Amino acid sequence: MSDTSVLAVLADEQVLTVRRSQATKINTFLLLFAVVMFNAVGNLALAWGMRHVSETMGWNPLGYIRAMLNPFVALGIVLLIFWLLTRMTLLSWADLSFVLPLTGLGYILAALFGKLFLGESVTPAHWLGTIFIFAGTAMVGSTDQQTRGSCAITRCGAAE
Amino acid sequence: MKWLLLSVIVLATVMGDLLQSYEMKRSGEQTVNARGLARLLRMIVSRRHLLLSILCMAISFFAFMALVQIAPLSFAVPASAATFVLETLLAKFVLKEHVGKRRAAGALLVLSGVVLLAR
Numbered sequence: 000m001s002d003t004s005v006l007a008v009l010a011d012e013q014v015l016t017v018r019r020s021q022a023t024k025i026n027t028f029l030l031l032f033a034v035v036m037f038n039a040v041g042n043l044a045l046a047w048g049m050r051h052v053s054e055t056m057g058w059n060p061l062g063y064i065r066a067m068l069n070p071f072v073a074l075g076i077v078l079l080i081f082w083l084l085t086r087m088t089l090l091s092w093a094d095l096s097f098v099l100p101l102t103g104l105g106y107i108l109a110a111l112f113g114k115l116f117l118g119e120s121v122t123p124a125h126w127l128g129t130i131f132i133f134a135g136t137a138m139v140g141s142t143d144q145q146t147r148g149s150c151a152i153t154r155c156g157a158a159e
Numbered sequence: 000m001k002w003l004l005l006s007v008i009v010l011a012t013v014m015g016d017l018l019q020s021y022e023m024k025r026s027g028e029q030t031v032n033a034r035g036l037a038r039l040l041r042m043i044v045s046r047r048h049l050l051l052s053i054l055c056m057a058i059s060f061f062a063f064m065a066l067v068q069i070a071p072l073s074f075a076v077p078a079s080a081a082t083f084v085l086e087t088l089l090a091k092f093v094l095k096e097h098v099g100k101r102r103a104a105g106a107l108l109v110l111s112g113v114v115l116l117a118r
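In order, the protein sequences belong to chains A and B. If you use numbering that gives the first Met the number 0, the first sequence corresponds to residues 0 to 159, in order. If you use numbering that gives the first Met the number 0, the second sequence corresponds to residues 0 to 118, in order.
The shape of chain B in the complex, shown without the other chains (with noise of 0.2 Å):
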């Protein structure tokens, strides 16, 4: 059961961080103010990859959820971790951006970081 939900809980993440990446990119640059969020705000509601990005945070919020009632927050929160390579690799070949050697040593230190500090 916890594998199924970890499973469930991973790629949900991937997939709604990489649909809301790829809709902000597509939208440019946005600003940081009242109207900017409000802009935001009906973003969410008139655009597919984004509604769909939101819905597959809130599975993982709930799953997430459902797995800490069963499994420790140590193997929770390092498990749910492993979106963090599976993120910068399809952020690589799916959205092309350029993950180099710096990038990537700099994203396994931190994925090491968090699989310590959950113990």
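Chain A with its partners taken away, still in its complex shape (with noise of 0.2 Å):
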């Protein structure tokens, strides 16, 4: 194998490793912002447009094919599309069990959206909520956002 073939190979699978890193936690909270977003307002796009497709889901593929039709629900996959690779890189950054909790806030967010488009209503249990909701959040996020390196399990320790 000559060597660029080699340089070629490390460039593909290990590079963004060693290049600078974005994963800074003002980054982190920066990209949970857009994970929770991206989430929040797709399901409610997807809620949204599947309240007026007429007919009921059931085990017909066509029904689900006819619904992505609706301009709402095409807007919601497509955001929840985003929703999943932003969520693949967020955690490519922070732990697992930093991210969860933290995408708890999403909750909080459901339920603003709920009252605001869908006509839900609040009550002071949903205020308790939210509260728990936010000093959880508070608690993780001021915890260590990767507590093992994302090389930690793996073969790409070679590029540390």
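Simulated from the structure, these hints should not be mistaken for laboratory data. All values reported here derive from a predicted model rather than from experimental measurement. Every residue gets a Cβ at the ideal spot worked out from N, C-alpha and C, and that includes glycine. Certain hints may be false.
Claimed, not checked - Each computed DSSO-like pair below joins lysine-lysine, with the alpha-carbon atoms no more than 27 Å apart: (1) A/Lys-24 to B/Lys-1; (2) B/Lys-100 to A/Lys-114; (3) A/Lys-24 to B/Lys-100.
What the hints assert, rightly or not - Where chain A lies over chain B, by a calculated footprint (3+ residues, C-beta under 8 Å): (4) 3–9; (5) 73–79; (6) 86–95; (7) 98–111.
To be verified - A few chain A residues facing chain B, derived, Cβ under 10 Å: (8) Gly-48; (9) Val-52; (10) Arg-86; (11) Tyr-106; (12) Gly-128.
Each chain sits in its own coordinate frame; assemble them with the hints.
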């Protein structure tokens, strides 16, 4: 194997871990915000669109394909694809046990959107829940985002 | 029926998240730009763990859709938040993440908040 082909293999697989890291804590919170927004707005668009699709969903796949022709449903699906990709990136930067509680912020947004757009009501228990979620995310957010380096589990250790 | 659907949701979500987290830790820090996103799309189709994780997420998504048709959201949302506890435990013991007191307490606070919010 020539030097250049070795380099090409390295570039393909590992150079991203060597390059200057994007995964600072600020960036992690920004990306987290994007992940939560993509999820909440995506779900909202999907729910909104599905309310205007007349047929009820059963086991027939054609029904789902027809539902996707609704522009809100289509928008929701595109947003949820972005949600998936940004969440994958976030999980490459931070622990699952760090990301998971923080995405709990999404439940607050979902409740808020439910009130604003879908006419659901907010009770005192909801406010208490909101406070709990904020307090919990603040606690988790103050811990180290990555307690086991991304290379700790397997092979990319060579790049460190 | 609703408990069956709920177990499917919890199992599929937990499996999906664990596989995804495992594979993303393995592949190193990704970048947020057009090339990075294109690379992620290629990874999804070429890596078994990621494909499997997407499959799990799809199963969990459709099972959730089915659940909310037969049970109220006030049951579906807090019940499926049970994945929080399970995933945090598995993150500690399978993914070997350090879940200290502060992180565990924070996760429990978020969980109780989600349960309150769904009522």
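Problem - Hints breached by this structure - result: 1, 2, 4, 5, 8 and 9
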